[in-house]
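Trainee: Based on the sequences and whatever the hints tell you, model everything.
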Amino acid sequence: MDQLRAVVTGASSGIGAATVRGLAAAGWHVVAVARRADRLAALADETGAEPFTADVTSDAEVAALAEHLAATGGVHALVNNAGGAKGLASVEDSDLDDWSWMLEVNVLGLKRVTSALLPSLRRGAAGRGVADIVNVTSIAGHVAYVGGGGYNAAKFAAHAVTEVLRLELNGEPIRVIEVAPGMVRTDEFALVRFGGDRERADAVYDDVPEPLVAEDVAGVIVDAVAKPRHVDLDLIVVKPVAQAAPHRLAKGELRLRGAEAS
1 MDQLRAVVTG ASSGIGAATV RGLAAAGWHV VAVARRADRL AALADETGAE PFTADVTSDA
61 EVAALAEHLA ATGGVHALVN NAGGAKGLAS VEDSDLDDWS WMLEVNVLGL KRVTSALLPS
121 LRRGAAGRGV ADIVNVTSIA GHVAYVGGGG YNAAKFAAHA VTEVLRLELN GEPIRVIEVA
181 PGMVRTDEFA LVRFGGDRER ADAVYDDVPE PLVAEDVAGV IVDAVAKPRH VDLDLIVVKP
241 VAQAAPHRLA KGELRLRGAE AS
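Heads up: the sequence shown begins at 1 in the numbering used here, then just goes up one per residue.
Where hints are given, some of them may not hold.
[As the list claims (entries may be wrong)] Simulated pairs of lysine-lysine, DSS-like, Cα-Cα distance not exceeding 30 Å:
| no. | residue 1 | residue 2 |
| --- | --- | --- |
| 1 | K251 | K239 |
| 2 | K239 | K227 |
| 3 | K111 | K251 |
| 4 | K111 | K227 |
To be clear, the hints were calculated from the coordinates, so they are not data collected in a lab.
Mentor: Right under this line is the structure:
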């Protein structure tokens with residue numbers, strides 16, 4: 001069998017870029033997909049990944065990606081990582097354009113890429129014995145929180161699409177894996193959410209002991225697609241120890257209480 005090939009969307013930063021690095025280090029040929037060609041080029045120079053510039057919200061660009069992949073072999077893993085959040089306002093006050101963007105990127109982008117690449121995934125599964133679809137969602141797709149309206153809606157929808165897809169593909173050698181991270185400190189997520197306000201973005205992580213970093217989530221993804229072909233990690237929730245829920249975060253140093261502390 002030829003070298004395993006993975007496609008990672010949202011690959012120009014954060015979890016996506018870390019996943020490209022992790023898969024490449026594990027011996028995969030990685031097709032790194034994102035909108036920003038300059039960042040993809042730098043990542044390709046660093047990792048040996050194959051860059052492909054495409055926006056998951058564009059039918060034409062996703063079709064071009066699918067055509068390129070179909071012409072060059074099968075795909076053994078698809079990591080649907082492209083996504084993001086905008087705003088933290090209430091349902092009443094939040095911006096409909098922000099909601100539209102979140103639904104387009106987090107849900108319709110996932111659907112668009114998955115539909116387009118399933119023929120190549122089936123081709124990859126025929127050679128390897130299994131193929132993987134990994135959807136990177138969020139704990140925001142499982143637990144609602146104040147100010148999360150649009151992002152909760154998008155990630156709950158992405159979770160539902162993942163569940164339906166697993167039912168629809170049952171009987172085929174294609175694993176459908178959901179990775180739902182909690183608080184991850186990346187270079188851009190909070191910055192995008194707060195419209196480029198660096199001070200407000202940095203404040204999200206103030207005094208939180210050891211939030212996750214992108215490499216933590218990437219490691220989970222790399223491990224999931226390396227499992228024996230009969231093992232499907234349906235849902236992986238990964239949070240920092242300091243986070244019990246989206247709305248429950250420990251602040252300051254983690255300390256034992258009671259007799260254990262003596």
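Trainee: Please go over all the hints and tell whether each is borne out by the structure.
Mentor: Right, here's what the structure says about each hint:
Simply put, K251 and K239 have alpha-carbon atoms about 15 Å apart, close enough for the 30 Å limit, and the pair holds. Note on K239 and K227: the hinted pairing holds, with a Cα-Cα distance of about 21 Å set against a maximum of 30 Å. Between K111 and K251 the alpha-carbon distance is near 37 Å, which puts this suggested pair outside the 30 Å criterion. The straight-line distance between the Cα atoms of K111 and K227 is roughly 25 Å, inside the 30 Å bound, and the hint therefore holds.
In summary, the one numbered hint that this structure violates is 3.
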